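When you get a sec, could you build the whole thing from the sequences and use the hints?
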Amino acid sequence: MACFTITAGEALVVTAAQITVKVLEHKGIIKYETNEDGTSKAKWSKKLGILNGMLWGGSFLLALEHIYHGEVSMTFPFLTAMQSAEQTAEMLEEMSTVGVTMALSLTAIWGVGLLLYYFFKERKAAKKAIEVKE
Amino acid sequence: MHLVVTLIATVAAFFVWYLLGRKHKKFHLEILPIMLGAASVMWMVDGFFGLFGPDKKFLGIEPYVVENGKIVGEASAEQMQEFFYQGMNDLALGVAIIAAALLVYAIILLILDPLNVWKKKKEVKEEK
Numbered sequence: 001m002a003c004f005t006i007t008a009g010e011a012l013v014v015t016a017a018q019i020t021v022k023v024l025e026h027k028g029i030i031k032y033e034t035n036e037d038g039t040s041k042a043k044w045s046k047k048l049g050i051l052n053g054m055l056w057g058g059s060f061l062l063a064l065e066h067i068y069h070g071e072v073s074m075t076f077p078f079l080t081a082m083q084s085a086e087q088t089a090e091m092l093e094e095m096s097t098v099g100v101t102m103a104l105s106l107t108a109i110w111g112v113g114l115l116l117y118y119f120f121k122e123r124k125a126a127k128k129a130i131e132v133k134e
Numbered sequence: 001m002h003l004v005v006t007l008i009a010t011v012a013a014f015f016v017w018y019l020l021g022r023k024h025k026k027f028h029l030e031i032l033p034i035m036l037g038a039a040s041v042m043w044m045v046d047g048f049f050g051l052f053g054p055d056k057k058f059l060g061i062e063p064y065v066v067e068n069g070k071i072v073g074e075a076s077a078e079q080m081q082e083f084f085y086q087g088m089n090d091l092a093l094g095v096a097i098i099a100a101a102l103l104v105y106a107i108i109l110l111i112l113d114p115l116n117v118w119k120k121k122k123e124v125k126e127e128k
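Those protein sequence lines, which keep their order, are chains A and B.
Per my numbering, residue 1 is the first one in the first sequence, and the count goes up by one each step.
Per my numbering, residue 1 is the first one in the second sequence, and the count goes up by one each step.
Hint data in this document are derived by calculation from the structure and do not stem from the laboratory.
Check the hints yourself; a few may be wrong.
[To be verified] Just so you have them, the derived chain B footprint on chain A, three or more residues with Cβ under 8 Å:
hint : segment
1    : 3-16
2    : 75-86
3    : 102-116
4    : 122-129
Note that the structure is a prediction, hence the values are computed from the model and not measured.
Glycine included, C-beta positions come from ideal geometry on N, C-alpha and C.
The following block contains the structure:
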């Protein structure tokens, strides 16, 4: 009904966070160490950008699906479920269950991706250190 | 059905990114798998809620009849036909969603201008 609005809301918050982090990086308040090979470490603004892409992309495609199914209209209040109190209650329930689970699962997948990134990076660094010692 | 189509597109886009992503970084090939993958996850969550909810269906076109939250039997020929048309309708939606994702990717590429086409045109104009 309107489950994508939760992820779109989270996307707005993450976009604001990404812009803030980018400004702080630009001002030099957030600093990153460089790797041994001289390359710079992945910036947080870039990592947040991936989550942003997931949230905006997913919300956009789900919004299209809702338009196709006639759940979103082009006139105010834009959601057909808001035409009656009963439907609105149903919509709010769906948003609080399905919508929140969608947002949480996307954030969790992003978090797991970050953990895997750090895990493989550390393993690579450890392997390199062993090779240098040998 | 649109979930299945989007999942297939996600896998295809992922392989394209995996094989060519590092070589062609400026084309941002990661955009498509991220977008389609996120939508797939969201529809999967929706499907699980449908499966454990009163509908008892993941894709919405499963060939059985549900009444009052219980599976009461297999669908009749008429209902199967209805499910088939519903599935075809959903398939069309899946294709439309992939087309929309490709359109968004094309717009992003136009804005980012990885081959500097706009920049070069502007330079030529300025030189003139």
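Which hint numbers does the structure go against, in order from smallest to largest?
-> Numbers 2 and 4 - these are the hints that the structure violates, sorted from lowest upward.
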